[in-house]
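Counting in full-length UniProt numbering, the sequence shown runs from 1 upward without gaps.
Worth flagging that the hints you see were computed from the coordinates, not collected in a lab. One thing to keep in mind: the hints can contain errors.
As the list claims (entries may be wrong) - EDC-like mimics (lysine to aspartate or glutamate), calculated; alpha carbons at most 20 Å apart, straight line:
| hint | residue 1 | residue 2 |
| --- | --- | --- |
| 1 | Lys135 | Glu502 |
| 2 | Lys9 | Glu189 |
| 3 | Lys9 | Glu123 |
| 4 | Lys220 | Asp509 |
| 5 | Lys78 | Glu40 |
| 6 | Lys2 | Asp226 |
| 7 | Lys222 | Glu134 |
| 8 | Lys161 | Glu18 |
| 9 | Lys85 | Glu75 |
| 10 | Lys103 | Glu118 |
| 11 | Lys135 | Glu115 |
| 12 | Lys9 | Asp193 |
| 13 | Lys31 | Asp87 |
| 14 | Lys98 | Glu18 |
| 15 | Lys494 | Asp509 |
| 16 | Lys98 | Asp22 |
| 17 | Lys4 | Asp175 |
| 18 | Lys81 | Glu71 |
| 19 | Lys70 | Asp84 |
| 20 | Lys229 | Glu502 |
| 21 | Lys48 | Glu71 |
| 22 | Lys427 | Asp437 |
| 23 | Lys367 | Glu461 |
| 24 | Lys427 | Glu416 |
| 25 | Lys460 | Glu448 |
| 26 | Lys367 | Glu462 |
| 27 | Lys421 | Asp437 |
| 28 | Lys498 | Asp226 |
| 29 | Lys140 | Asp167 |
| 30 | Lys155 | Glu53 |
| 31 | Lys93 | Glu18 |
To be verified - Now the in silico label distances, taken between C-beta atoms and shown as ranges:
| hint | residue 1 | residue 2 | range |
| --- | --- | --- | --- |
| 32 | Ile368 | Gln409 | 21 to 29 Å |
| 33 | Lys70 | Glu108 | 38 to 46 Å |
| 34 | Lys155 | Lys407 | 48 to 56 Å |
| 35 | Gln456 | Leu16 | 39 to 47 Å |
Note that this is a predicted model, so its numbers are computed, not measured. Glycine included, C-beta positions come from ideal geometry on N, C-alpha and C.
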Amino acid sequence: MKWKQLEHKGPYFAPLYEPLPDEVHFYYDGKAMKLSLATEEIATFYGKMLDHEYTTKEVFQNNFFNDWRKEMTVEEKKIIKHLDKCDFTEIHKYFVNKNEARKALPKEEKQKLKEEAERLQEEFGYCILDGHREKIGNFKTEPPGLFRGRGDHPKMGMLKKRIMPEDVIINCSKDSKIPEPPPGHKWKEVRFDNTVTWLASWTENIQNSIKYIMLNPSSKLKGEKDWQKYEVARRLKGVVDKIRFQYPGNEKEEGETADTVGCCSLRVEHIQLYHELDGQEHVVEFDFLGKDSIRYYNKVPVEKPVKLVRLLELRRKSLYVLLHPQTYSSYSFLRSLLLLSGFLFFTVFWLSYMCLHLLAEDNIAAKILSYNRANRAVAILCNHQRATPKTFEKSMQNLQTKINAKKEQLAMAKQELKRAKADAKVKKDVKSESNVDKKKKLLAKLEEQLMRLHTQATDKEENKQVALGTSKLNYLDPRISVAWCKKFGVPVEKIYNKTQREKFAWAIDMADEEFEF
1 MKWKQLEHKG PYFAPLYEPL PDEVHFYYDG KAMKLSLATE EIATFYGKML
51 DHEYTTKEVF QNNFFNDWRK EMTVEEKKII KHLDKCDFTE IHKYFVNKNE
101 ARKALPKEEK QKLKEEAERL QEEFGYCILD GHREKIGNFK TEPPGLFRGR
151 GDHPKMGMLK KRIMPEDVII NCSKDSKIPE PPPGHKWKEV RFDNTVTWLA
201 SWTENIQNSI KYIMLNPSSK LKGEKDWQKY EVARRLKGVV DKIRFQYPGN
251 EKEEGETADT VGCCSLRVEH IQLYHELDGQ EHVVEFDFLG KDSIRYYNKV
301 PVEKPVKLVR LLELRRKSLY VLLHPQTYSS YSFLRSLLLL SGFLFFTVFW
351 LSYMCLHLLA EDNIAAKILS YNRANRAVAI LCNHQRATPK TFEKSMQNLQ
401 TKINAKKEQL AMAKQELKRA KADAKVKKDV KSESNVDKKK KLLAKLEEQL
451 MRLHTQATDK EENKQVALGT SKLNYLDPRI SVAWCKKFGV PVEKIYNKTQ
501 REKFAWAIDM ADEEFEF
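Full structure from sequences and hints, please.
Pasting the structure below:
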């Protein structure tokens, strides 16, 4: 899909570093030490994170210290040789106090900050695309800091360098006004490529991956690309058996920093076969790092001994590669059949199909819980894990307090209804009968509220270690969700928030109860 006109202001760059006040000190071996500006800035990155679990990890500490020393002056390197002799306490306290002061700003000051954010949004957050004013996604470059990564990433703690205009490639149309770089700077390159949908790009220094400024998901062009993606997944249904029969698998691409694998790049060390394990026969044990360095561990009993023994004996690097990977990669193979990448095969088609059938078979009265459970099954299949939120226990306690209070209200309502019925039996007048009806309605309302709280608690408990957002927003055909909402009378607002509804406006307008995947 090609555009004809694209004009924008370029990215908004992170503000330059503001030095620490003179009264805030860094200490080395118990002595206050004045740092050069570049060294001090990096010290603040670490100081801000002192209360975070990352700074307790040896890999994070070593990577930070190695990168930090690279930015030090010769004199600083002679003095600062051991991280455990560095004291960032005052730096940490300074930023904690600064954050608290920001939260405590008077209403007028907060309004000024809000207005400034709106001004930046208005200036940098929109572009002109083929004569239409379209919203841009994230128009800001990421500020410098320390890389965290997901899971136990081997590069955690390394220095994410500041993005400068000289790092940025601008993409726009030839007849548009080319965005001006900040004074004293120039762009790395200006392109006029109407076959892509990004406005600016640069390569970050940690993993050498390309970052983009893109259109907002709610834009017309992004909506059309989403529609095409899900339509291709629907077409896959007709040839999926053929693909499964012929699919050769693929080697993991070179250049990955963490030793993460997927279904096409599992190696023999990731699987153990047991004739018997934990009282079960014929067990396959999986143990590997999946996407975002999140560990996948599972023990699966099978009906018959699986025929992997020969493959394990061969000691191939990749468990599933039966054909030469340079000849048949997952991407080239699937594209040759359906113009579809392996990524889409294992996500958009299969996950949409799975979610649809889970929803079709699920008769749980709590409809939202039913939807979330189907989505959760999809997320689990994709190994979309997350750490249990730190606020989880407190949140559950608060929810249980509400449940207990609602139970008390319900018990009182039952007693009041019982008394009202007894009173109506004696008096036998319109007023007492009306009172019984009123008490019945109140009781029904309280029962519904209690059920809603129980459902919410169940949903929260089941969801504490599963990340639902990725699958719901990127892999599941939204027309399935919208059709489900319409069929079972669930407001779309209960499934998608305002931003998500803007992204999937095309699906909301298109889907109906009879939509078929």
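Now the hints, each set against the structure:
As the CA atoms of Lys135 and Glu502 are separated by approximately 11 Å, the hinted pair is consistent with the 20 Å bound. Taking the CA atoms of Lys9 and Glu189, the gap is near 15 Å; set against the 20 Å cutoff, the hint holds. Pair hint Lys9 plus Glu123 holds up; C-alpha atoms about 7 Å apart against a cutoff of 20 Å. Between Lys220 and Asp509 the CA atoms are separated by roughly 13 Å; this keeps the pair inside 20 Å, and the hint holds.
Pair hint Lys78 plus Glu40 holds up; C-alpha atoms about 16 Å apart against a cutoff of 20 Å. Taking the CA atoms of Lys2 and Asp226, the gap is near 15 Å; set against the 20 Å cutoff, the hint holds. In summary, the hint linking Lys222 to Glu134 is supported, as the alpha carbons are separated by about 10 Å, within the 20 Å threshold. Between Lys161 and Glu18 the alpha-carbon distance is near 16 Å, which keeps this suggested pair within the 20 Å criterion.
Restraint check: the Cα-Cα separation between Lys85 and Glu75 comes to about 17 Å, which is no more than 20 Å; the hinted pair holds. Between Lys103 and Glu118 the CA atoms are separated by roughly 19 Å; this keeps the pair inside 20 Å, and the hint holds. Taking the CA atoms of Lys135 and Glu115, the gap is near 18 Å; set against the 20 Å cutoff, the hint holds. At roughly 17 Å between alpha-carbon atoms, Lys9 and Asp193 fall within 20 Å of each other, so this suggested pair holds.
At roughly 9 Å between alpha-carbon atoms, Lys31 and Asp87 fall within 20 Å of each other, so this suggested pair holds. Restraint check for Lys98 and Glu18: the C-alpha separation of about 13 Å stays at or below 20 Å, so the hint holds. Restraint check: the Cα-Cα separation between Lys494 and Asp509 comes to about 17 Å, which is no more than 20 Å; the hinted pair holds. Of the pairs offered as hints, the one joining Lys98 and Asp22 holds, with about 15 Å between alpha carbons and a cut-off of 20 Å not exceeded.
Of the supplied pair hints, the one linking Lys4 and Asp175 holds, its CA atoms being roughly 10 Å apart against a limit of 20 Å. Of the supplied pair hints, the one linking Lys81 and Glu71 holds, its CA atoms being roughly 13 Å apart against a limit of 20 Å. Between Lys70 and Asp84, the direct Cα distance comes to roughly 18 Å. Compliance with the 20 Å bound is thereby established for this hinted pair. For a cut-off of 20 Å, the pair hint linking Lys229 to Glu502 stands: about 18 Å separates their Cα positions.
With a CA separation close to 18 Å, the supplied pair Lys48 and Glu71 stays within the 20 Å bound. Between Lys427 and Asp437 the CA atoms are separated by roughly 15 Å; this keeps the pair inside 20 Å, and the hint holds. A hinted pair counts as satisfied when its Cα atoms are at most 20 Å apart, and Lys367 with Glu461 qualifies at roughly 17 Å. A C-alpha spacing of about 16 Å is found between Lys427 and Glu416, which places the hinted pair at or below 20 Å, so the restraint holds.
Of the supplied pair hints, the one linking Lys460 and Glu448 holds, its CA atoms being roughly 18 Å apart against a limit of 20 Å. A hinted pair counts as satisfied when its Cα atoms are at most 20 Å apart, and Lys367 with Glu462 qualifies at roughly 15 Å. Proposed proximity of Lys421 and Asp437 is supported: the alpha carbons are some 9 Å apart, at most 20 Å. Note on Lys498 and Asp226: the hinted pairing holds, with a Cα-Cα distance of about 18 Å set against a maximum of 20 Å.
Simply put, Lys140 and Asp167 have alpha-carbon atoms about 14 Å apart, close enough for the 20 Å limit, and the pair holds. Between Lys155 and Glu53 the CA atoms are separated by roughly 15 Å; this keeps the pair inside 20 Å, and the hint holds. Between Lys93 and Glu18 the CA atoms are separated by roughly 16 Å; this keeps the pair inside 20 Å, and the hint holds. For the pair Ile368 and Gln409, the beta carbons lie near 23 Å from each other, so the given range of 21 to 29 Å is met.
A beta carbon spacing of about 44 Å between Lys70 and Glu108 agrees with the range 38 to 46 Å that was offered as a hint. Range check, Lys155 to Lys407: Cβ separation about 51 Å, and the 48 to 56 Å hint holds. Gln456 and Leu16 have their C-beta atoms about 45 Å apart, which keeps the hinted 39 to 47 Å range intact.
Of the hints listed earlier, there is not a single one the structure fails to meet.
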